[in-house]
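Given the structure of chain S, go ahead and fit chain G onto it with the hints provided.
Going down the list, the protein sequences come from chains S and G. Using this note's numbering, you'd call the opening residue of the first sequence number 37 and step up by one each time. Using this note's numbering, you'd call the opening residue of the second sequence number 79 and step up by one each time.
Do not rely on the hints blindly, as some may be mistaken.
[Claimed, not checked] Derived CB-CB ranges, DEER-like:
#1 48/S / 118/G: 14 to 24 angstroms
#2 54/S / 131/G: 41 to 51 angstroms
#3 117/G / 112/S: 23 to 33 angstroms
Since the hints were made in silico from the structure, they are not lab data. Ideal Cβ positions, reconstructed from N, Cα and C, are used throughout, including at glycine.
Below are the chains, spelled out letter by letter.
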Amino acid sequence: DAGVIQSPRHEVTEMGQEVTLRCKPISGHDYLFWYRQTMMRGLELLIYFNNNVPIDDSGMPEDRFSAKMPNASFSTLKIQPSEPRDSAVYFCASSPPRGNEQFFGPGTRLTVL
Amino acid sequence: AQSVTQLGSHVSVSEGALVLLRCNYSSSVPPYLFWYVQYPNQGLQLLLKYTSAATLVKGINGFEAEFKKSETSFHLTKPSAHMSDAAEYFCAVTTRVGKLIFGQGTELSVKP
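With the rest of the complex left out, here is chain S:
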């Protein structure tokens, strides 16, 4: 079975540009999570969805960040406009119904110049 798929794996952009990160969860999973990892702040939960509905977005740092899940097999995390302090590794993870464990994707390394 394919795991969680994220694209792109690396993204380099300039300050002020829009960035879109993509995630395909494991088929049949009904929870989807977006995390950000930095040296300074560690692993932070940004937002999570259940059955395509956002449940908790309290970790989204500011209005420049938005996330959508239009269907069970696809989610996006958008940053507009991007800033150098957004540079981090962004992970997507998914969980099965009634399951606690999360399965992580390989991450997207974002660099904002």
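Just chain G now, with coordinates in the frame of chain S:
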């Protein structure tokens, strides 16, 4: 509210030595506990999980952890370290399906 504290941001052991990574949790209700491993430039991979069955949990790659309610601990151990164990390890807690609370991580170095 739940929380997790990992004692020691960096642990160094010699190859063949015991590995002990410490995790203490706080939870007002019985928790579910997890250890994840992250190798360089990769995502997090589940090592093992405690879900209120046996208190001694065995995971992949020879790791195990023991749930001690009286000490609110869930320490990760491995009898003999291997070079390939060098990675960052995260402890996590939840009390329901959904959100996990992660610790700050412990980087394990293994010396030859």
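Hints, verified against the model:
no.	hint	result
1	48/S / 118/G: 14 to 24 angstroms	19 angstroms, holds
2	54/S / 131/G: 41 to 51 angstroms	47 angstroms, holds
3	117/G / 112/S: 23 to 33 angstroms	26 angstroms, holds
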